[in-house]
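*Asks:* Chain by chain, the residues:
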Amino acid sequence: MHVKRNTILTIASAAVLIGILYWLSMHQLKQGMLVSIIQKSIIFALVAVSMNLLNGFTGLFSLGQAGFMSIGAYTTAILLIPVKNLDGVYYVNGVHPLIRAFKIFIAESPAWLQSLFPFIALLIGALLAALVAALVGIAVLRLKSDYLAIATLGMSEIIRALCSSPQMDTITNGSYGLNKIPGFPGMFGGLIPPMATPFVVVALCIAFIMLLIKSSYGRAFKAIREDEIAAEAMGINLFKHKEMSFVVSSFFAALAGGLLAMYMRSIEAKTFSISLTYDILLIVVIGGIGSVTGSVLSAFLVTASKEWWLRFFDHPLTIGGWEVPLFRTGFRMIIFSILLMVVVLVYRRGLMGSNEFNWDRLLGRFANLRRKKKSSQGGDR
Amino acid sequence: MSTILLKTEHLTMQFGGVVAVDDLNIEIPTGSIIALIGPNGAGKTTAFNVITGGYQPSNGSVFFDGQTIGENSPRTKMKRIYNGSDKTVFTHRVVNTPDRITRLGMARTFQNIRLFKDLTVFENVLIAKHCHIKAGMLSAVFRFNHTEEQAMRHEAEALLKTVGLFDYRDDKASSLPYGKQRRLEIARALATHPKLLLLDEPAAGMNPKETEELALFIQEIKHSFGLTIFLIEHHMNLVMDISDSIYVLDYGKTIAVGDPKEIQKNPAVIRAYLGVEE
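Chains U and P supply the protein sequences, listed in that same order. The opening position of the first sequence corresponds to residue 4 in the working numbering, with each subsequent residue numbered one higher. The opening position of the second sequence corresponds to residue 19 in the working numbering, with each subsequent residue numbered one higher.
Bear in mind the hints are in silico, worked out from the structure with no lab data behind them. Each residue gets a CB set at the ideal place from its N, CA and C atoms; glycine is no exception.
Listed next, the in silico BS3-like pairs over lysine-lysine satisfying Cα-Cα at most 27 Å (straight line):
1) LYS179/P with LYS217/U
2) LYS190/P with LYS147/U
3) LYS243/U with LYS135/P
4) LYS309/U with LYS273/U
5) LYS179/P with LYS240/P
6) LYS217/U with LYS135/P
7) LYS217/U with LYS152/P
A short, non-exhaustive set of chain P residues, derived as facing chain U with CB atoms under 7 Å:
8) PHE134
9) ILE145
10) CYS149
11) ILE151
Pair ranges (Cβ atoms, derived):
12) GLY192/U with ASP188/P: 38 to 48 Å
13) LYS217/U with GLY182/P: 19 to 29 Å
14) GLY189/U with PRO195/P: 56 to 66 Å
15) LEU214/U with ALA176/P: 21 to 31 Å
16) LYS217/U with SER193/P: 20 to 30 Å
17) ASP188/P with VAL345/U: 25 to 35 Å
18) TYR196/P with LYS217/U: 29 to 39 Å
19) ASP83/P with ILE161/U: 38 to 48 Å
20) VAL345/U with SER193/P: 29 to 39 Å
21) ASN255/P with THR10/U: 50 to 60 Å
22) SER193/P with TRP325/U: 50 to 60 Å
23) THR13/U with ASP188/P: 17 to 27 Å
24) GLY84/P with LYS217/U: 33 to 43 Å
Given only the sequences and the hints, what does the whole structure look like? Please build it.
*Replies:* And the structure:
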């Protein structure tokens, strides 16, 4: 009975979400800001979920997400900048002849390959990051807790420094960054408009991660999080499973990085500095370490309040001739920080803790509220 | 004729200058219950850790179920400071990680319970089934191994029923009462399909009634799973009741070997446990 009700609720809410997306895609021009905020949120949601897989489910405190995102972003960007824009982008140092040759090859390839190519580029970026993760993992996954965090943080900085180094000028355009990156492509021959592409890609990726977590391998990850020594005594090969989690997490971080490149249309090494990792860590912690739905929810809340809801505080405000003090550019970040502190104080373990979203819990909470209201009213009379 | 399932030869474990286990020679015949006793700090748990691959021995070898699973001789710095009483030179070096040894059929429990606390009772047992999984990660994600997964779940459920924990299957492991946690840890070890089960103080902190139940439980699982059992224990009643043979350690050295009756009368053992009047 309840199972049936929950399925109906899930399908209904999915339909509502798709409806909203459809409406937004119809009114894209008017709702530009809203569209771009939810696109950014969904991209960050994927990075947050990938980080949660590592930090929340496998218990590996890694801070290398930004590094892997930059691998994905740069690879995708380099592969996707159209031939005609190459000289404009690499105006200082010129472009590596191999890249140009490859681009001409793609530009002359059949149309079906060209329409599919953006996704292939995303995949190449992600696979490259997975490869780097596999190699780095051999060295750093022997480390525990804080030491692992420091090592991965350092690795992320090395990747960023490499991307902006002069030696890489003809490939990554060094410190000038890359621009004129094509935006999101449509999917399935235009069935899904470009605007909705990131949602479909991210939904598929998060579904993959959730399936992984619920599989036997996911349970092994959780065992490692709970107690490494016991997990090893139960026949779980620690290195193999840690490496697996690290590689999968990096793969999806890089894929999100590629999406971010398409979203921003221009990237530079500075975009992927440590503060990006911290932004994502913030999302993970607010959402609840060990909760996928928490990460997704928190990605939307954090991004929206940073970029949208709190804009109000950035403009000078005058009430009846009296100018309210403090209301000026940058004030919203203070409000944002205060809100964060409040959230962390109220929800010690993040909004969702380590639970996943489920209808019974949500409806149960509403029912509780109603009951409380009723009883308090009864008390008044 | 019973075969030897586990055998250690001149097993020595030295930490820095301290010889924690010195020249330990154990033979465990298939189907028996063997106990390892001794005062606190005698090196019993260290011996367990060496056998299960947690430590690499300083000297000696471990032989299990037809193959050598660990062998080492003093090298580099250890060669200089080696202080064990046995000087037999082993030429090979065999290293196996604990997870591999578990997959070979040797499971253990811990002195201070190490359950996966935040996971359910059912998940605890199910995780132990993971070590024999055949499907790769991708096929597990896309549920191509559906039959295997179902089989794992059924086996885990059956196991929980056997050990009488089925009613607690959805409870958090940490919420179980102490005795049940001990039982769950044994169930979890059983889920890896062991031939040899190593129990590190299974009755620690139990009252006499619980200890009696545990003795029955150990004998029960020994028969129904065809196990060989090697246990460390301080409750002498339990040890004397169920073990076929007892090894006594003191300060790392084996001071006595024999069946329960012999051990009870052995003067060296009495001296080690009670001290001797000067």
